[in-house]
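Residue numbers (my numbering), protein chains in the order written: chain A, 1 to 173; chain B, 1001 to 1124.
Treat the hints as calculated values from the structure; they're not laboratory data. Be careful, since some hints might not be right.
Claimed, not checked - Simulated DEER-style distance windows between Cβ atoms:
1. A/T108 x B/G1105: 18 to 28 Å
2. B/I1097 x A/G125: 23 to 33 Å
3. A/G135 x B/L1042: 53 to 63 Å
4. B/K1074 x A/L33: 37 to 47 Å
Where a beta carbon is used, it is the ideal one built from N, C-alpha and C, also for glycine.
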Amino acid sequence: MTDCVLFATLFAVYAVLHVNTFTGPAGWQIFDLPNVLIETLILLTSSFACGLGVIALHNKSKFGVMLWFGVTFALGLIFLGFELNEFAGLIAAGDSWQTSAFLSAFFTLVGTHGLHIVIGLVWIGVMIGQVAWEGLTEGVTRRLTLLSLFWHFLDVIWIFIFTIVYLFGSLRI
Amino acid sequence: MNEEIQNQHFEKSLATYVAGFILSVTLTLVAYYMVVDRVWSLTPWTIAGSIAGIALVQFVVQLFFFMHLRVKTKPRWRFVVFFFMILVVLILVGGSIWIMASLNGRMVMTPDQVNQYMNDQVGL
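Isolated chain A (complex conformation) (with noise of 0.2 Å):
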């Protein structure tokens, strides 16, 4: 919940400060809304994954589990990279962080999700490890459910990123 609060200031922040560009291009000059969608249906995918694998802990199915959350891991990591791919080549255009506040805002918000989602994949890494090792426990099985909420919950900020950062952008709001 606080997590969801700490976005919503970012969002806030972004809300006030997309329009002030600078010198630097503006939103829908630089989102490649293609690649955005392909990421938004991995990061979807690897939550169904996720779920999936809570019906594998549910069902009591250690490899259910390991491969799901597998599964979830692997998707996360495709949407990062996807993700830095694009930072990497807005920073190589010279769009980078100082430019302009829009920039910022837009660098800070999505680069904090992106920071979250790399949390979240050391935690899968944890469970997957910790699933081996001790197989599931009530700890294990209370932790992944845990894991699971917040992986559900970075994309639900992901859609809300999705919505407001690129399509408002493409719209020109």
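Starting from the known structure of chain A, fit chain B onto it as the hints suggest.
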């Protein structure tokens, strides 16, 4: 806390997740193509309103199907905390936009004009 999370009576069946997934993908694609293809020659603001609505619907879908947040969610406080969070978010985001827009609207003079005014009026 363990029992509370695990004793919730919700359907963690495959169907729930598949339904949620299909709904989410559909909503995402609809929103995306509304923007990309500028469907039905709507004004940008109409499209914006629609995709904002679609995003909210998808938010609820994900909450309901993936995160199992129902009205009958137990423990009860989980549902209440969620609504408090929504309230805080609305105040933060809505309040910031309102205040900053109001400040922006009050900036009638440019910074140079402000300086000039202060020089003339107060001798600063």
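Hints, one by one, checked against the model:
A hinted range of 18 to 28 Å holds for the C-beta pair A/T108 and B/G1105, which are about 25 Å apart. Checked against the hint of 23 to 33 Å, the pair B/I1097 and A/G125 fails, with Cβ atoms roughly 39 Å apart. For the pair A/G135 and B/L1042, the supplied restraint of 53 to 63 Å holds, since their beta-carbon distance comes to about 55 Å. Taken as a hint, the range 37 to 47 Å holds for the pair B/K1074 and A/L33, whose Cβ atoms sit roughly 42 Å apart.
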